[in-house]
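Asker: Here is how the chains run, residue by residue.
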Amino acid sequence: MLFLNNDFVYREIHGVHLLIPVKKNAISDETIFLNETAALIFQLCSYAKNGHMLALLVFEKFTDADKEEVLPELEDYIQNLISEELIIER
Amino acid sequence: MECLSGEQKWSQFIEQHFADIRAPFTAGMELLPDCNFKCIHCYAASDRCNTISSMTTEQIYKIVDILVEHGCLELYFTGGECLLHKDFFEIYIYAKKKGILVSVLTNGSLINQKHIELWLEYPPELISISLYGASKDTYEKITGCREGYRQVMDAISLLQKNNIHFELKIIGMRQNYEDIPEMRNFIRGCGQVNSILAWDIRPMNNGDCEPIICRVTPAQSMKIELQDPERRAFLEHLAFDEKRIAKTERQKGGYLYPCAAGYQFVFITYDGHMQSYVKAVDPRYDLLHGDFDEGWKYLGEEYVNRKASTNFKCLTCDKFRYCGQCSAAFKSETGDPETPVPFYCERGELMKKFMENISNLRISQQ
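Residue numbers (this note's numbering), protein chains in the order written: chain A, 412 to 501; chain B, 19 to 384.
Just chain A, with the same shape it has in the complex (with noise of 0.2 Å):
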């Protein structure tokens, strides 16, 4: 299961993505900006087992994408939210 790192609070503020620190941690002290794709995996974290899962949950909300391009890239974005510890793998 892959759930957002509790020392963080993912908000939406009038179409503005945030993850706001909410403990110490090693990872940020400061609030986090999403970008839109960045918005989608956080957003979508907690309906897949792993990276793969979610890398395609997050290629289902991209109509006109080429998966064999764009896939992996979000693969390897995951993998490193996963390996910053931002996402929880369990």
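Note that these hints are calculated values from the structure, not bench results.
Just so it is clear, the structure is predicted and the values come from calculations on it, not from any experiment.
Not one of these hints is a red herring.
Distance condition first, Cα-Cα at most 25 Å in a straight line; then the derived SDA-like pairs of lysine to any residue:
| hint | chain 1 | residue 1 | chain 2 | residue 2 |
| --- | --- | --- | --- | --- |
| 1 | A | 434 | B | 112 |
| 2 | B | 27 | A | 427 |
| 3 | B | 241 | B | 336 |
| 4 | A | 434 | B | 111 |
| 5 | B | 115 | A | 439 |
| 6 | A | 435 | B | 176 |
Since the structure of chain A is provided, determine the placement of chain B on it from the hints.
Answerer: Relative to chain A, chain B alone:
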């Protein structure tokens, strides 16, 4: 992904992304009316009587939830003295866990190791301490608490030692006037530049004008500011900003509250009233017996959209950019938001002259 960091980040962020949206992106909340200090200049009438009812902790949680639903990003807790609240720790953590950036406005005297541990684990956006003097005597004169000075100095050491983000601000008044240069030096020694030095003593929020006797004269306030090298440099910098003489959009628009009180800020009092600004005590909205959306709309009509009469001098005044104009403060002191308090006008005149002199000097040097 990018991080937001640095001073002023949130005001800039809100302006950049939400300039045209009226929502309570920032808020202040009084947790309780009680205070361990009894400051002679304080506007809070509540700490001088004992028959006050305040919000329950559950009501506070509910209001935090409502603020989050409405987009609140920044919230500061105040009082009274908010650290006196029996559930301060729980309330603070509750707001943090909702994804709010929380600041704490305090007199500093009650900060102890437990608060430090809390703030190390759940970092605050800012701990903002009001500094009242540079000695035990001054503290006693203003706060009625002789130990206050030592307690606050100990608290500042604790915050520094633990690298917790804090600011020190000064409310200048007759009772600490002589101390202000020393207080400013102390604040500079804490590594804080261009700290807040305010002079806006105002009546109590029950209308009692007793605090006004603490106010310095406009000339005294200017003298202190111009003697302070840092403050003087700041004012000289402002003097070269051409925008300082332009009318603001709201001034041009003929609004009664040219500062846009209530546009993106809401203040919640200890008894659950919504105000558009700390000083804007009348009119206000009883949130505990109403609905936030209705209150927000009401404050919008009363403050954001309210137009002034054609007699309102501030809208055409050339000192407007210099005086710290505040229609809500005028109302609490004169009973009429369109009747300026002379202190503001006189200070505006002095500040305008100073800025013009600096600006003219530069032109003649060119």
